[in-house]
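*Asks:* Protein chains in written order, with my numbering: chain Z, 67 to 394; chain G, 67 to 394.
If you're looking for bench data, these hints aren't it; they were derived computationally from the structure. Ideal Cβ placement from N, Cα and C applies to all residues, glycine included. There are no misleading hints in this set.
Listed below are the simulated DSBU-like cross-link pairs for lysine-lysine, each with C-alpha atoms no more than 30 Å apart in a straight line:
hint : chain 1 : residue 1 : chain 2 : residue 2
1    : Z       : K236      : Z       : K75
2    : Z       : K75       : G       : K75
3    : G       : K101      : Z       : K146
4    : Z       : K350      : Z       : K194
What follows is a set of in silico ranges between Cβ atoms, one per label pair, in the way DEER data are often shown:
hint : chain 1 : residue 1 : chain 2 : residue 2 : range
5    : G       : A82       : Z       : P113      : 33 to 39 Å
6    : G       : E106      : Z       : D148      : 30 to 36 Å
7    : G       : E349      : Z       : E111      : 26 to 32 Å
Away from chain G, derived, C-beta distances all over 10 Å, residues of chain Z:
hint : residue
8    : G100
9    : K189
10   : R193
11   : E222
12   : E229
13   : E239
14   : D240
15   : R353
There are 2 protein chains.
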Amino acid sequence: METLLLSIKDVEEALAMEEVIHAVEEGYIAYHEGKVQQPEIVSIEMPQNNGETDIKSCYNQLNERISVKIASGFYDNGKKNDLPTMIGTILLFDGKSGAPLCVMDGSLITGIRTGAAGAISSKLLARKNSKTVAVFGTGGQARMQIYGLCQVMDIEEVRVYGEHRNGLLKYKEDVEANTKVNVILCETPEMAMQDADIAISTTPSKKYFIERSWVRPGLHIVAVGADMAGKNEWDPKIFQGSKIVNDSIAQCVSRGETRNAIVAGVIRENDIYAEIGELLAGEKPLRVSEDEITIFDTTGMGIQDNVTAMIVYEAAKKRGLGSYFEFI
Amino acid sequence: METLLLSIKDVEEALAMEEVIHAVEEGYIAYHEGKVQQPEIVSIEMPQNNGETDIKSCYNQLNERISVKIASGFYDNGKKNDLPTMIGTILLFDGKSGAPLCVMDGSLITGIRTGAAGAISSKLLARKNSKTVAVFGTGGQARMQIYGLCQVMDIEEVRVYGEHRNGLLKYKEDVEANTKVNVILCETPEMAMQDADIAISTTPSKKYFIERSWVRPGLHIVAVGADMAGKNEWDPKIFQGSKIVNDSIAQCVSRGETRNAIVAGVIRENDIYAEIGELLAGEKPLRVSEDEITIFDTTGMGIQDNVTAMIVYEAAKKRGLGSYFEFI
Chain Z
67 METLLLSIKD VEEALAMEEV IHAVEEGYIA YHEGKVQQPE IVSIEMPQNN
117 GETDIKSCYN QLNERISVKI ASGFYDNGKK NDLPTMIGTI LLFDGKSGAP
167 LCVMDGSLIT GIRTGAAGAI SSKLLARKNS KTVAVFGTGG QARMQIYGLC
217 QVMDIEEVRV YGEHRNGLLK YKEDVEANTK VNVILCETPE MAMQDADIAI
267 STTPSKKYFI ERSWVRPGLH IVAVGADMAG KNEWDPKIFQ GSKIVNDSIA
317 QCVSRGETRN AIVAGVIREN DIYAEIGELL AGEKPLRVSE DEITIFDTTG
367 MGIQDNVTAM IVYEAAKKRG LGSYFEFI
Chain G
67 METLLLSIKD VEEALAMEEV IHAVEEGYIA YHEGKVQQPE IVSIEMPQNN
117 GETDIKSCYN QLNERISVKI ASGFYDNGKK NDLPTMIGTI LLFDGKSGAP
167 LCVMDGSLIT GIRTGAAGAI SSKLLARKNS KTVAVFGTGG QARMQIYGLC
217 QVMDIEEVRV YGEHRNGLLK YKEDVEANTK VNVILCETPE MAMQDADIAI
267 STTPSKKYFI ERSWVRPGLH IVAVGADMAG KNEWDPKIFQ GSKIVNDSIA
317 QCVSRGETRN AIVAGVIREN DIYAEIGELL AGEKPLRVSE DEITIFDTTG
367 MGIQDNVTAM IVYEAAKKRG LGSYFEFI
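Let's have the full structure, built from the sequences with the hints guiding it.
*Replies:* Now the structure itself:
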């Protein structure tokens, strides 16, 4: 049988943020409805090489596909070789026969499906007239969050904070070229938070640098960076009294920003308001006042990879992208 | 960068049982010495399609490679399509950069590395003059166990029991064509056990069918079939007083034949004598008498896939097998 192979360029050609947002919404609902098997994330750590590899797998009853994503972060790449820091590979298998249907680059998919997640949360939870967004970090995910958000809201200003001047300049250039927003470079995290309606954190920080006193009423927070125990971007006290939504409660309490608030004793697991699939299914009220602080904590789910890889696979077949190889 | 792609035919060409036995021995020792990260096995079950998928991952410090094997068993394959029941895919990544080095068929590798495991255990634990082997099951693994064993001992007779007459006849034909052994077809499990020096079980049985009263002093047992909770081939009472060796104690007590003996209350985890890596490292005595009953319980480890896939990868590069594809 033939297995489809898709390079990063093929994937880029086949992907559209708008479709991904829609697919991820459906995936979140399927997960909430118990139609998804999503085993625990496998993590391998190689500190001697400043690297880590995660494996996220998923079986989606709705499309009857198994997805397996092997995603690595090797933080000396680029310096000691010419490889990107983040490398990912996604495999799709037929859930009726185990046949390997597709092997594709997974780097872009991780970026875009995470951007889609943030956008979905803002559509549901941010104030409707949100215009100003604080962004922490200047990497790929800091871009994707804005590309996603611009699909669902009329954003006018992005206030970005990052540690490196060159990164900030390049970020401004890219985001302004790809969207209609005006990007303001901020010298401190506090400056970025000024007038923010939505605040998105995408850094690998291990110690929080966003203070509670900078959070104004009505803010919607998208906490992306903390995706494993030991990472922390937000003062845990911000969780107190906020409406906390998780992509997966199981994952966020064990490896997300929510974990930090629980470990700090600020909240208990019971204080988490909902999983995002419950909100999408219309089972609980969304934001109930203009002053409420809402937090979406996302650690990234196999179901997001599953539905996004399926979009890519179907589009690539339709358009004749990629190559074929007979493994069996 | 280029990723090597290897089909099942390429893998077959690159593999030699003798080398695999040697590599698996080194892998077991590396695991015992703490040089291997082997996360928990991920299992996805699709009972509505009579199928299951396991993911075994491993990082081996010695070769600095990450291996990920996605192996499926869909038991209606062949009837409702023309695919094999067992399908596997193995990926190798560079543990220094996360780069995807190779995607290869993994079906043959699972078979051969498991055959190698059984052979290694017999070399260590069976009586030196073992000539007669009882085999339960007539599938690929029942063949591989004998192909492995014949590399390390002078076996004269295989007494095979299986449920289907055609399977038995085909087994005899294949094994006699590929080895010097004489294959005797047995109508009952008890007949297969007569005069056996070594007994190897490779069935998917969920209820034991090999009785304690058939086990004679000095037997070496290789328990392969039971690799997840709910599978059982041997009367748990056989474990009482036997020298029990596991590939991985963690895995065997949670999903191997050893688990059944613990659940039945016949032994406690403390009664397990050793992991096979300890024996290979020379840290504990092997068989101490001609009458001792020894049991090797193997559930299959990521490190076996890792070292076997590396042999294939290196041999394929040397011989120019396979194709290349640029994912990134």
